[in-house]
Amino acid sequence: MHSILNFFSRSREARQHLEMQRARLYRIAYAWTHQPALADDLVQETLTKAMQKTDQLRDPAASGAWLYSILTNCFRDHFRRQRETDDVDNLDLAHEWTPERATSQQEVVHQVRLAIAKLPAGQRQVVTLVDLEGFSYIEAAQILDVPIGTIMSRLCRARQALKDLLSLLRHQESHTDTAPAGAAPGTHLRRVK
Amino acid sequence: MKKFLAILTAVLAIGALQGNALAADKQHKVVYHVNGGDEKQHMATLRNIDNHINAVGKDKLDLRVVMHGNGLDLLQSAQKNKALASKIDELKLKGVGFKVCENTLRAKKLDAKKDLYDVNVKKGPEGDIVPSGVAEIAILQNKGFAYIKP
Amino acid sequence: MKDPDDPRREFSAEHLNAFVDEQLAPEEKSRLLLSLNSNEALSREVCELRKVRDLVRLAYPEPSAVGLRDGRHGRRSGFSASALAATLATLTFGMTLGWFLHTRVADIDQVSQDNIPDATAAGRHLAGKPVVTLAATAHNPPRIILHVTESDPKQLAEMMNDLEGLLRHYKAQNQSVRVEVVTNGDGLALLRADVTPYTRRIARLQEQYDNLSFVACQNTLDRLTKEKGITARLLPGVVIIDSGVAQLMRRQNQGWAYIQV
Chain A
1 MHSILNFFSR
11 SREARQHLEM
21 QRARLYRIAY
31 AWTHQPALAD
41 DLVQETLTKA
51 MQKTDQLRDP
61 AASGAWLYSI
71 LTNCFRDHFR
81 RQRETDDVDN
91 LDLAHEWTPE
101 RATSQQEVVH
111 QVRLAIAKLP
121 AGQRQVVTLV
131 DLEGFSYIEA
141 AQILDVPIGT
151 IMSRLCRARQ
161 ALKDLLSLLR
171 HQESHTDTAP
181 AGAAPGTHLR
191 RVK
Chain B
1 MKKFLAILTA
11 VLAIGALQGN
21 ALAADKQHKV
31 VYHVNGGDEK
41 QHMATLRNID
51 NHINAVGKDK
61 LDLRVVMHGN
71 GLDLLQSAQK
81 NKALASKIDE
91 LKLKGVGFKV
101 CENTLRAKKL
111 DAKKDLYDVN
121 VKKGPEGDIV
131 PSGVAEIAIL
141 QNKGFAYIKP
Chain C
1 MKDPDDPRRE
11 FSAEHLNAFV
21 DEQLAPEEKS
31 RLLLSLNSNE
41 ALSREVCELR
51 KVRDLVRLAY
61 PEPSAVGLRD
71 GRHGRRSGFS
81 ASALAATLAT
91 LTFGMTLGWF
101 LHTRVADIDQ
111 VSQDNIPDAT
121 AAGRHLAGKP
131 VVTLAATAHN
141 PPRIILHVTE
151 SDPKQLAEMM
161 NDLEGLLRHY
171 KAQNQSVRVE
181 VVTNGDGLAL
191 LRADVTPYTR
201 RIARLQEQYD
211 NLSFVACQNT
221 LDRLTKEKGI
231 TARLLPGVVI
241 IDSGVAQLMR
251 RQNQGWAYIQ
261 V
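First to last, the sequence lines map onto chains A, B and C. The working numbering puts the first residue of the first sequence at 1, with every later residue one more than the last. The working numbering puts the first residue of the second sequence at 1, with every later residue one more than the last. The working numbering puts the first residue of the third sequence at 1, with every later residue one more than the last.
Worth flagging that the hints you see were computed from the coordinates, not collected in a lab. Every residue, glycine too, gets a C-beta built ideally from N, C-alpha and C. Be a bit skeptical, because a hint or two may be false.
Unchecked claim - Listed next, the stretches of chain A that the computed footprint assigns to chain C, with coverage defined by at least 3 CB atoms under 8 Å from CB atoms of chain C:
hint, region
1, 15-26
2, 39-45
3, 130-136
4, 148-157
With the sequences and hints as input, model every part of the structure.
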């Protein structure tokens, strides 16, 4: 009797633990898709699958990377099984920012999210797993099921691309001509609003 | 003063217990979804519901029938079809709720009191009219009602 | 500043990134730290990498820091606006100089090839939409599947009325709702451009309502082609899923309400 009770309470604990991961999972799913509804679906699917496997899990505390590899699979499966007849711009980002009400803070957030959304999926996944969830390169390699060398090169390219995109976006946003390459640096600095 | 407080506490406690018993959720919750069918099918559905109640026991079952779209025919036919009408009466006595979609009423230009059999037009949860039949079914599912489409 | 791709460089971009992420082996780390002390360009590079990382973190706040949704307008978490602006300013400043000093035009073009939605197009959609904060979970809106399996005109007519009534009902209560209309078998007729009587009505609904989707089943499409030789043309904006039945099961697992219409 005692051991059965233990089993149920461990299961319940494991499930509660998984539920607490929802917000963190959502953050990553959102960063990958920038579609709140889709992100929520992916998280729901991930947690459902995880709960089905929980009884097999020895140590719930060790479930971190494992949970995200489930999310990775759900993410990949979604785009594999679904296609739309028209190219619909599904990104929610367009709705997030009204020029009249934007504070500098919101503006920055908006621009960074736009830049992340522009990255190829593989780079986007790596940079968010490392920067937001603090996974090690080895863990990220396990989660995404790629060699660690791929992780490192994707991360490098992602950060370089973000650097370039963010500087590029700032230039577009300023509505002034981009200075030609090689011009004297002092003459074309942009002022931040 | 102490004695008064003790009695008051006891009374409140008993009241709380009774209140809980009354408010307790029935064990089995089911929503039957009716959005079409002819009189024969409607009669069959009502008989199925009756069997369901007999199998589970009316005190353990919270069963609601939600009608929308062409499903309102059930209550329209019952205005003339005595067999349907009396079956509906029977089921209502056993605690079955019959809910009607207001959207459909408007779309079909029906008057609930005149055109449909025995509809309680009172506003709110005691009445029989819900703003959207489909929304009602979704809401009930979210509350744990099982969904049956006969 | 030296070109990061210059093979004569002591430390590759991978090194620097790994250093920033605390992933470098101790000996490598010590070697790099020594160089950082004397090499200003290297320091700047590391600093910029850190800034990019910080910006990513700031763009997606920690879940505990996210405020509750206030209607449709989110409340911001407590980041200092000026600190953020300053961060971006320094980054831009530094990168502007860097951009001119070692022309990386080729790299920039490379990045712009990869499937980038046009920034100005995004600008066109901006006006008039409320700000949305990243909510901890969007579990709140009710989620409803309408499963269409028949093509009987009377039933389809009622179904369209019900759908519109449903959407209007939630809109009137100022509550968001997610509705997915899944068609398979004969129900596919609803979404076939050549046979549906509801082309314009569906287009109107798609425009009026967010979170409304129409789904067609690939298996049904294949069967139609194989058995009747028809290659169905679907309405714009219709999502094609591998299997309608599988989709229904997925949705039910995800806790969606199911209604067969």
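>> Taking beta carbons only, do three or more residues of the region 15-26 of chain A come closer than 8 Å to chain C?
In response: Since three or more residues must qualify, the claim that chain C covers the region 15-26 of chain A holds, with 4 doing so at under 8 Å.
>> Taking beta carbons only, do three or more residues of the region 148-157 of chain A come closer than 8 Å to chain C?
In response: Coverage by chain C holds here, the residue count being 4 at a Cβ distance below 8 Å.
>> Taking 8 Å as the Cβ threshold, is the statement that the region 130-136 of chain A is covered by chain C upheld or broken by the three-residue rule?
In response: holds (count 4)
>> Tell me whether the statement that chain C covers the region 39-45 of chain A is true, taking a Cβ distance below 8 Å and needing three residues at minimum.
In response: holds (count 6)
Checked against the numbered hints listed earlier, the structure breaks none of them; every hint is satisfied.
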